[in-house]
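Start from the sequences and build out the full structure, keeping to the hints where you can.
In order, the protein sequences belong to chains U and F.
Numbering-wise (the UniProt record's numbering), the first sequence opens with residue 1 and increments by one.
Numbering-wise (the UniProt record's numbering), the second sequence opens with residue 1 and increments by one.
Careful, some of the hints might be misleading.
Straight line, CA to CA, 16 Å or less: simulated EDC-like cross-link-like pairs of lysine to aspartate or glutamate [stated by the list, open to error]:
1. Lys-465(U) to Glu-512(U)
2. Lys-552(U) to Asp-387(F)
3. Lys-561(U) to Asp-379(F)
4. Lys-560(U) to Asp-442(F)
5. Lys-530(U) to Glu-462(U)
6. Lys-720(U) to Glu-115(F)
7. Lys-782(U) to Glu-315(F)
8. Lys-294(U) to Glu-653(U)
9. Lys-241(F) to Asp-800(U)
DEER-style ranges, computed between Cβ atoms [claimed, not checked]:
10. Lys-517(U) to Val-223(F): 53 to 59 Å
11. Ala-755(U) to Ala-439(F): 28 to 34 Å
12. Met-787(U) to Glu-184(F): 16 to 22 Å
13. Glu-328(F) to Lys-789(U): 49 to 55 Å
Calculated directly from the structure, the hints in this document are not laboratory data.
Computed from a predicted model, the values in this text were never measured in an experiment.
Ideal Cβ placement from N, Cα and C applies to all residues, glycine included.
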Amino acid sequence: MAKKSAKKSTRIEKSQKKKKEQRTNPFELKFNRAKHQVLGKKTNNKTGVPGASRKKADDARKATLFNEYKTFGKVNVVVDKRVGERDPNLTSEEKLAKRFALERQRAFIKRGQKFRLEEPQDDSDDGEQLTHRGETLAEIEKHDRPLSEDEEEGTNGNISADIVARSHFGGGPSYMNATDNKAQTRKDMIAELIAKTKQQRYDKQMQRDEQLDMTDKLDEQWKQLVAEGGLGDVIAGRQKNEESTAQETKATEGYDTLVRQLQVDSRRVRASERLKTPEELAKEERDRLQVLEKERLKRMGADGSMAHRSADDDDDNMERFEKSDFVVKYGPDGLLLNSEKVEKPTVRVVRIDNESSDEDEEYEEDEDEEGEDDDDEDGEEDDDGEASELSGDDDVDGHQDDDDEDEEPFEEIIKAPSEKRAKKATAAAPEKKKEKKSVGGGKLAKAGNSLPFVFDMPKSYEVFKELLHNRPAAEVALITERLIKCHHPSLKEGNKQRLARLFMFALRYFDETAANKESVDVAKLDSLTKTLYALLRFNPDDGAKCVRALLKRFRTLAVKKRRRIPGFNVVAFLRLVPTLFPASDVWHPVVTPCFIVATHILSNAHIISPRDAAIGLLLCSTLVEYVCDGKRYLPEVIAFLRGVLLTAIDHKEEERSPTGTFPISQPHRTMLLIKQKTKQVDVQPVSLSEVVTSPKSDSSEVSEQFKLSIIRCTVGLVQKFAQIYSQTTAYGAIFRPFEQLLSRLPVENYPEALAEDVGDLRKTLNAELSIRSRLLQLQRQKTQKPMVKMLEPRFEENFDPERPRLNRDANRKGKKAEDKRMVHKYKKELRGTVRELRFVLISH
Amino acid sequence: MVVLEKNNRRLYWSSKLRNLTDLNQSQAVAAELTSIVGQLNWDATQAGDYCDELVSFAQSFVDYIVSSSELSRKAIKALSDALLFYEDIKMLVIKALLNYLTSVNEETPAESMLENVFNLLREMPAPVAKKRKFVACYFNASRNVGKQLKYKQMQKLYQTVWFAYLKFEHPPSVLKALLPFLAETVMPIVPEPHLLVDFFIRSSQLGDPYSVLALSGIFNLMVKHNFDYPNFYGEVYALTKYPICYSSHRVRFFELLDIFLSSTHLPSYLVAGFVKRLSRMALLAPLETVEPLLTLIRNMLVRHPDIQTLYHRSEPVTVEQDPYNVDEPDLKLSGALDSSLWEIKTLQQHWFLDAAKRANFIDKGMAHMESSVRWKSGDDIWQRQMDKKFGVHQEMDEEGEGKRMEPDQDEDPEQEAPLGPVPTTFLPPKSLFRDGAFAFGDYWRN
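Written out as structure tokens, the structure reads:
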């Protein structure tokens with residue numbers, strides 16, 4: 001207690017002293033209690049004022065430690081760069097003179113440059129440039145943005161700046177001057193103002209119109225020039241113009257606007273792929289064919305592994321047709337899918353003779369209807385947003401500029417290049433935009449001179465037939481070709497269906513032409529084949545259905561009259577199929593049924609005359625086409641050929657043909673037997689027209705020549721099939737009987753050429769037989785049995801009994817697992833600590 | 001007076017039968033007959049009249065059958081169903097028929113007669129031992145009908161009438177149906193079937209379809225009645241020829257062949273010869289025949305493990321040419337056992353996928369079970385092909401939908417056509433005929 005009081009007394013003493021000096025509020029004084037009193041230690045701190053002592057300490061630190069800190073780690077030299085300072089030869093006055101000179105030099109810098117950011121551009125100095133997005137500001141300034149009309153006008157709807165300045169801020173005297181010191185009413189003033197503004201606006205409008213006109217004119221000229229022969233002429237023309245002073249300004253102006261326009265346009269048009277060189281095109285075509293061939297071979301696979309994606313080149317073509325990302329697709333209801341991407345078709349009708357007006361109306365109606373349809377569809381199918389997005393800006397621009405440009409890719413493909421040129425020629429001198437243009441200009445075959453270029457799609461078969469009736473083959477080809485071109489699916493919605501119908505008509509016409517009993521028009525059939533092929537590519541599924549329908553009819557007929565050999569039309573049809581569809585496929589919806597019908601005919605139809613045999617042989621030669629690639633075995637054909645050969649041999653009744661469809665009674669049994677010597681007969685190929693046109697006659701009426709040509713054909717077929725089946729294991733079993741039959745032919749009666757043919761065939765057959773008869777007895781392929789899985793014990797190196805699963809479990813190894821473990825450990829520790837602390841708290 | 005009465009009755013019945021226009025009226029005739037018989041008093045003295053009534057009916061019935069030319073098999077069936085259902089009438093008809101047949105002397109009587117009689121004999125209910133039905137019967141009088149109605153006597157009577165019928169020369173249409181009927185139906189009933197052999201042998205020499213049918217009868221005799229027929233298989237082998245595959249009775253033939261070769265005790269050279277011959281036939285067979293033929297060959301190989309050397313040898317030897325000689329009629333010399341089934345290998349390349357697959361058995365291990373030989377008609381095959389879906393939308397032809405067949409069980413699951421559009425050729429054609437692999441222009445001109 002005593003000690004405390006003593007302390008108190010000293011404090012009071014001190015405070016009293018300070019009171020006297022600073023009159024500080026004693027309650028504000030604070031004391032830091034010294035922990036240890038050190039004897040003899042001086043404290044230079046002011047006591048009772050911690051703020052002051054803190055300040056003092058701070059100042060001391062700033063003076064010493066802070067400076068030290070600031071220069072911490074810095075090693076530097078201060079260089080004096082004043083002019084002449086480092087030259088020891090100069091006197092101080094010289095130095096001053098130099099500095100003055102520099103000062104004066106600076107004073108000469110222009111006033112405008114005074115505030116320039118960059119340094120003056122000296123030769124040595126590459127001053128820094130300000131950029132925006134990698135481009136210098138100067139360049140950006142040059143870069144003239146196309147101004148919209150509003151921007152360009154600037155004052156649209158507003159009063160021009162000078163008027164504003166004058167009327168609003170002009171002040172009295174000037175205003176009085178302008179109005180000839182007459183006192184005007186405010187009303188007059190405003191009217192005048194309005195009139196002036198209007199006049200100004202009108203002037204501007206006129207100017208712009210003039211410019212537009214000039215641009216248009218130049219456009220036309222430009223187009224013409226392009227059509228005539230490229231840009232070179234333009235430049236030449238410009239140079240010429242420069243000479244004539246009167247025209248000079250106008251031309252350059254026009255040229256400038258043109259350049260500007262081209263610049264603007266070039267920014268709108270997307271860069272396209274470069275044109276391909278012929279070599280590249282050829283390579284592409286080769287690659288395409290290679291891919292398709294690979295697919296075909298896959299489908300041909302004997303193990304029945306059918307390709308699940310068929311090698312339909314149609315897709316490919318589609319891609320080529322539509323370079324852009326648009327594909328013509330129709331929904332199940334026959335409406336065009338994503339039609340919003342399709343350009344509205346421009347209707348082009350050629351006026352033929354005088355009957356055009358009706359046609360036009362019809363077309364226009366069609367167009368209207370279509371437009372409605374389109375709208376409807378837009379409503380329905382807008383939900384796929386992607387498509388509508390895609391048809392955004394670009395398409396709109398396309399609309400603005402020209403209608404026909406976007407269609408060109410489609411037309412290019414289906415038109416010959418010459419036609420394109422022709423079209424350009426017509427486009428060069430347009431009077432109105434909506435003028436009727438010629439679609440199929442150029443390529444005029446001799447036959448087609450008199451033909452119109454555009455045909456209506458025939459509505460019925462009769463119309464179609466009327467169109468082609470009594471026309472030569474070349475014209476038929478041309479007409480159908482033009483029909484296809486005019487109704488390409490990309491041109492108009494619904495054309496795909498129309499073309500499918502056209503395929504049906506063409507097929508029917510093909511059949512009818514082939515069924516003609518009076519004559520065989522092979523050329524016409526050829527051109528129809530090409531047409532059918534061209535049509536099939538648009539819609540192979542519908543085409544296949546048509547073909548199958550016709551085939552079904554033939555089959556019903558063949559079953560009903562199964563003993564009767566069918567007409568030429570059936571054979572022609574069966575020959576047509578492998579030109580349209582790949583015959584080598586292991587299964588094909590069209591080709592396989594065709595096989596069935598053909599073999600049904602061969603194995604059932606009774607051959608009662610050489611004419612029947614001829615048709616049968618024609619069918620056999622058709623079937624060569626079916627099997628030559630796949631080398632599929634055709635028992636029926638082999639049996640038929642043996643039967644035909646047997647009729648050319650003098651044989652007994654017991655000897656029967658394998659098919660049993662050949663006559664067993666004389667004289668039909670040996671209807672192809674040549675009994676007299678016919679050395680001098682010239683053996684021609686079998687005449688198709690003779691086969692088709694001759695009535696179903698007896699063998700007695702048939703000339704020896706006809707028989708001989710049939711025999712020749714048979715020999716040729718045997719040779720072909722021997723070649724096709726040369727790799728089969730049963731070669732001997734198949735062709736030894738042929739050899740025997742051939743050896744029995746009355747060769748001595750045949751003309752020399754034919755006898756030679758027979759001899760050659762026998763020779764080759766014998767040679768082949770001697771090679772191919774050598775056979776290895778069959779042995780089943782041994783299949784390797786899979787090894788039994790061995791169960792060996794697994795030894796673990798570095799086995800840790802405490803963590804036995806460490807090596808087995810991949811998840812327990814590596815850095816990740818380690819981290820996980822650490823996190824787990826940390827959590828565990830934390831939990832333990834918290835629990836401990838809580839315990840401590842509670843216990844205290 | 002009685003004679004007159006009899007003739008009257010005959011006339012009455014024959015006019016009655018002749019006036020039959022509708023098949024249903026035969027029932028009415030039967031009803032009338034039974035009612036007439038029923039009206040007769042049950043009296044021994046009247047037994048004569050009663051029998052005469054039936055006898056005169058039977059005679060007029062036979063007359064009618066024999067003489068009318070345009071009686072269809074259906075009509076005869078209706079008549080016999082209505083009348084010959086009664087055992088006593090049937091017996092009297094048979095007796096009358098026998099009388100008639102023995103009275104015919106010429107070798108080749110009218111075809112219509114032979115046909116009608118065959119139809120009658122065919123449609124007539126075979127004699128049965130029990131549950132017989134009568135119009136009337138009585139047993140005490142000397143002229144009773146019932147006395148002769150014992151089963152064995154019926155059988156004998158049946159046999160006699162058949163033999164009486166078989167002595168004629170039959171038209172082909174009758175013979176084709178007659179041979180299988182004899183073998184299948186008549187042979188088990190008649191007490192002395194071996195007597196039919198003469199007829200069978202005679203018809204086996206007639207040629208193609210008949211020989212096979214006759215052989216089936218002979219085979220039945222061999223199997224069931226211990227009949228000895230040397231070189232039976234040689235004859236069958238001689239019949240197994242290419243044209244069979246194309247003929248209309250191929251199904252019957254191959255069924256019979258299957259039965260002939262069903263014994264596992266046949267010598268292997270014999271079976272091997274047949275198998276080789278069949279595979280040669282398959283090389284020239286039409287579409288409908290290939291698959292069953294292949295199945296048949298496979299079944300043979302399963303049935304006779306001895307000849308599995310035909311498709312698998314542990315030490316194969318290279319031969320100069322096929323040791324099998326098709327034209328050799330003697331099975332022992334044909335050399336089939338040293339051969340292999342190379343023909344089946346070739347058929348794996350058959351144009352028809354199903355047939356080609358069917359031929360794959362040669363590469364696999366032999367199955368343990370035989371599978372049934374399925375004969376598909378051309379229409380079936382056609383329909384199945386046309387029913388397969390194709391194209392992008394996998395549409396089917398409208399007509400095909402209803403007739404879809406239930407899939408075969410042992411067949412591989414029907415392979416679906418590939419998705420996507422129908423494949424087309426990718427090289428445009430230049431010409432219809434001249435554009436192909438075959439040098440068309442060398443052999444054909446316009």
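Tested hints:
Distance check on the hinted pair: Lys-465(U) and Glu-512(U) sit about 10 Å apart at the alpha-carbon level, within 16 Å; holds. At most 16 Å may separate the alpha-carbon atoms for a hinted pair to count; Lys-552(U) and Asp-387(F) meet this at roughly 12 Å. Distance restraint check for Lys-561(U) and Asp-379(F): the Cα-Cα separation of roughly 14 Å lies within the 16 Å cut-off, and the hinted pair is therefore satisfied. Between the alpha carbons of Lys-560(U) and Asp-442(F) the distance comes to roughly 34 Å, so the proposed pair goes past 16 Å and is violated.
Simply put, Lys-530(U) and Glu-462(U) have alpha-carbon atoms about 21 Å apart, too far for the 16 Å limit, and the pair is violated. Proximity of Lys-720(U) to Glu-115(F) is assessed by CA-CA distance (about 51 Å); at most 16 Å being required, the pair is judged violated. Of the supplied pair hints, the one linking Lys-782(U) and Glu-315(F) holds, its CA atoms being roughly 13 Å apart against a limit of 16 Å. With a CA separation close to 51 Å, the supplied pair Lys-294(U) and Glu-653(U) exceeds the 16 Å bound.
Straight-line distance between C-alpha atoms of Lys-241(F) and Asp-800(U) comes to about 82 Å, which puts the hinted pair past the 16 Å bound. In this structure the hint that Lys-517(U) and Val-223(F) lie 53 to 59 Å apart at CB holds, the actual value being about 58 Å. Checked against the hint of 28 to 34 Å, the pair Ala-755(U) and Ala-439(F) fails, with Cβ atoms roughly 20 Å apart. For the pair Met-787(U) and Glu-184(F), the beta carbons lie near 57 Å from each other, so the given range of 16 to 22 Å is not met.
The hinted range of 49 to 55 Å is satisfied by Glu-328(F) and Lys-789(U), whose Cβ atoms lie roughly 54 Å apart.
Of the hints listed earlier, those the structure fails to meet are numbers 4, 5, 6, 8, 9, 11, 12, in rising order.
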